[in-house]
Amino acid sequence: MESISKEMFQPAQKTTNAEAIVRPSLNYWADAWRRLRKNKLAMGGLIILVILFLLAIIGPMLTPFSYATQHLKETNLAPSSKYWLGTDDFGRDMWARIWWGTRISLFIGLVAAALDLVVGVLYGSISAYFGGKVDAFMQRFIEIIYSIPYLLIAILLMMVLGSGVTSIILAYAITGWVTMARLVRGQMLVLKEQEFVLAARSLGAKSWRIIAKHLIPNVLGVVVVQITFVVPTAIFVEAFLSFIGLGVKPPLASLGNLLNDGAGVMRYHPHRLLFPTVIFSLILLSFNLLGDGLRDALDPKMRK
Amino acid sequence: MLTYTLRRLLYMVITLWIIVSLTFFLMKLLPGDPFGEAITKLPPESMQILIKQYGLDRPVWEQYLTYMGHVLQGDLGVSYQYPTRSVVNVIQTAFPASFELGIESLIIALIVGLFLGIVAALKHNKAGDYTASIVALIGISIPSFVIGPLLSYYIGVKLRLLPAGLWLGPEYRILPALALSLGTIAILTRMMRASMLEVMNQDFIKTAKSKGLSRKTIVGKHMIRNAILPVVTILGPIAVNVLTGTLVVEKIFSVPGLGNQFATSVLSNDYTLITGLTLFYAGVLVVVMFLTDIAYNLIDPRIRLGKGK
Amino acid sequence: MSKPILEVDNLQVSFKMSAGEVQAVRGVSFTLNKGEVLAIVGESGCGKSVTAQTIMRLVPTPPSYIKNGSVMFDGKHDITKLSESDMEKLRGQEMGMIFQDPMTSLNPTMTIGEQIMEGVRKHQGSSKEKARERAIELLNLVGMSNPVERLSQYPHELSGGMRQRVMIAISLACNPKLLIADEPTTALDVTIQAQIMDLLKDIQEKTGTSIILITHDLGVVAEMAQRVIVMYAGKVIEQGTLNEIFYDPRHPYTWGLLRSVPRLDSDSNSDLASIPGTPPDLFAPPKGCAFAARCPYAMKVCLEKDPEHFTASDTHSAACWLQHPDAPKVERPIEVGVRSNG
Chain A
894 MESISKEMFQ PAQKTTNAEA IVRPSLNYWA DAWRRLRKNK LAMGGLIILV ILFLLAIIGP
954 MLTPFSYATQ HLKETNLAPS SKYWLGTDDF GRDMWARIWW GTRISLFIGL VAAALDLVVG
1014 VLYGSISAYF GGKVDAFMQR FIEIIYSIPY LLIAILLMMV LGSGVTSIIL AYAITGWVTM
1074 ARLVRGQMLV LKEQEFVLAA RSLGAKSWRI IAKHLIPNVL GVVVVQITFV VPTAIFVEAF
1134 LSFIGLGVKP PLASLGNLLN DGAGVMRYHP HRLLFPTVIF SLILLSFNLL GDGLRDALDP
1194 KMRK
Chain B
491 MLTYTLRRLL YMVITLWIIV SLTFFLMKLL PGDPFGEAIT KLPPESMQIL IKQYGLDRPV
551 WEQYLTYMGH VLQGDLGVSY QYPTRSVVNV IQTAFPASFE LGIESLIIAL IVGLFLGIVA
611 ALKHNKAGDY TASIVALIGI SIPSFVIGPL LSYYIGVKLR LLPAGLWLGP EYRILPALAL
671 SLGTIAILTR MMRASMLEVM NQDFIKTAKS KGLSRKTIVG KHMIRNAILP VVTILGPIAV
731 NVLTGTLVVE KIFSVPGLGN QFATSVLSND YTLITGLTLF YAGVLVVVMF LTDIAYNLID
791 PRIRLGKGK
Chain C
119 MSKPILEVDN LQVSFKMSAG EVQAVRGVSF TLNKGEVLAI VGESGCGKSV TAQTIMRLVP
179 TPPSYIKNGS VMFDGKHDIT KLSESDMEKL RGQEMGMIFQ DPMTSLNPTM TIGEQIMEGV
239 RKHQGSSKEK ARERAIELLN LVGMSNPVER LSQYPHELSG GMRQRVMIAI SLACNPKLLI
299 ADEPTTALDV TIQAQIMDLL KDIQEKTGTS IILITHDLGV VAEMAQRVIV MYAGKVIEQG
359 TLNEIFYDPR HPYTWGLLRS VPRLDSDSNS DLASIPGTPP DLFAPPKGCA FAARCPYAMK
419 VCLEKDPEHF TASDTHSAAC WLQHPDAPKV ERPIEVGVRS NG
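Residue numbers (our numbering), protein chains in the order written: chain A, 894 to 1197; chain B, 491 to 799; chain C, 119 to 460.
These are computed hints drawn from the structure, not numbers from a lab.
Keep in mind the model is a prediction, meaning the values are calculated, not measured.
All the given hints hold, so there is nothing to weed out.
Chain B stretches covered by chain C per the calculated footprint, using a threshold of three residues with CB under 8 Å from any CB of chain C: (1) 680-694; (2) 699-706; (3) 714-727; (4) 778-792.
Every beta carbon over 10 Å from chain B, so not counted as near; a handful from chain A, in silico: (5) S898; (6) K931; (7) L955; (8) A1007; (9) R1075; (10) Q1080; (11) L1084; (12) L1096; (13) G1097; (14) N1111; (15) I1120.
Glycine included, every Cβ here is placed at the ideal spot set by N, Cα and C.
Whenever a hint applies, use it, and build me the whole structure from the sequences.
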């Protein structure tokens, strides 16, 4: 046995505090953001979305042509230095039309998501908060709405309301809020029963404080994630309806009717299908990537 | 289980009733002329006869009751567009193609989607996983009405590998079924992957391993069997997806199915045909949802035997 | 005594995580003799479960890997070097395992019968009828009523205690030489705990199988173990016979563990002692003794050097600098040394 100096057997000066918590604690959102930033796919999605949003705003201003002006002598041109993405069969500039279409599609997605958020969160919270018979009734109602195929209802509504941005948003929102309401209710019901709510209550926290400090922040994660899936769904619905001839009417452009027009002439002018397809798919892809990343980042079970 | 089935059956009936009523009243609010521009040029007397014949002069509630009565008897009325054909007749002619397309897509989607999901989970964080995840992401980001024209153009027109449209022989089925199944493949892959990953971390997998079972047995008997259960719950919505998808895919590939009928009836404001087709679709979808729901409950012993959950 | 059934030598197991390497087991050595019941005690996260699961190679690889050391089973198989297909032959056949939570350890979509018969059929190649007979026999052995009916029941139809009996039946299916029970009673009600422990004791007497009992419940240890290993932060810090650990513990951590057991004979008003602090972060284990930061007797040397094992008897050793001849003599807290349930 190697010798150890007697000095070493003096009581140690404790330099480390065993009770200290090793890692700094971060609040929920800062922690989520830290994890989201590490997720390359989600960040890629976020960056693409920011670029697409910017282009949707400034894109049409970069070209002298308006999305609606017809140049009947210059129809169906391939991309050139004059018309960057070519022209359609009325000689309208495709660059301007595509960014206008993106603007309208994103607008539809965001407004639909906002409606979804308000109706879904309110409905879900009320259902969970009151519980009992109110909850049971509200749940039956949701179950029925949920089992109605929403695209069919959207089609019928579109025919009654007439084509247009407002109709599309309404047609989506009428059935779209159900998923959000279910999620919020489910989450609220679990949270209501959890120990930390009981703990807060037993420590004398008031109801509004429990709701604001404990319930809302915990539901918010789920809601934010759901929003990132609602926006692309609404954009999809717009495109679907436009594709069967019920969407936004020309000369106004939306990604849906650009896709529809492009599909009709793809044999002769493939560029008219290609560009809207790329933008449309990028939007859906980016929202999905961001949504997946957010779900991983915000899921408290994943916290390490 | 029996009370559950009965309850679900009741919901199904209520849902169908709401859909029928909603369809009827929405159609009443619809602007536009049901007889099309050409017929409005008819003399007023002929118009009157036609309106009488279709019952458009009676009070709305009476029309509603008559309509409900007819629907219950399986009579969806006569198409305005083709006055000689009943809606049921139109459905009978057009449905087989839609049905075939739907079923084929569903089968492709199930086989490919489940397989990719299982591979992705077993090869978690390896090349197989990334490949499957990329396929899934593409499938989700590129809906059938985008991939459809692309397939039709590049494979059908440019490469001439397969027919770009129409519905004649077996080779005409491939592209539309592929276009229609891609989105569903994506959903199933993601769902199956997540479900597998969850099951793989369960304690009973360790138990199975501690018994000395081979990897093959563990994957087949313990993992897949349990992981597939939650996937069965979304089979209903998946079938709905595929069936509504036929609406656009049929248009792209000129498939003579219900979707194509739907598009033309939308353009010509053919009230009864639209309502009839919507009802038919809704009916099929609601029944499919009901059946998958019951099937799920039969498969999972925890629910079948009335405990758990 | 005959050849040991299990010899674990300097076993090191680590988990590779994105944030770094977690050294879950940092050089564990012990032996288990035939027919012996050995208890491994320690707080959660001390590496006792990882050690046990490594013996059966049940820890998923990656992220885990065996960094060093060997595990000799039955004097002929080094488990750290066997191929996966050779391991399959050992698992279930030569060694069985009982897990902590019977609620999640059984496959919810398979009947009890199928789950018991699976292992029997795989290892003994027996027919369905034979496997069925064996399953009934096993259910009888673990004290289940109506074994024939049980065969076609699903786990959710049974109570927690019953499910743990089924787990035990599964682990015993092929008469293994080694049974590892990983906290077999932790998830159960107190009354059921006693029944399960009695059952395990009974089975050990009947079959003479060697058992490794992993637990943090010293009451369970006292009831059936012959020898005890105390683990802390991935290392064995003290080992000895049951009497040595209970009557003559040497490591301050063992003292703390013993003091934290509720006792019938103590003053009911006195608080239950606890060990302050938390175990060290195994991403970066401390340089010296892992327990030093929580040890009321810590000396300078404890922060500098990891103590080796000082032997107290042929069977008893403790890894603590207090055992060094030059160390000051420390009075052991007086409560230690009296067993509550004799």
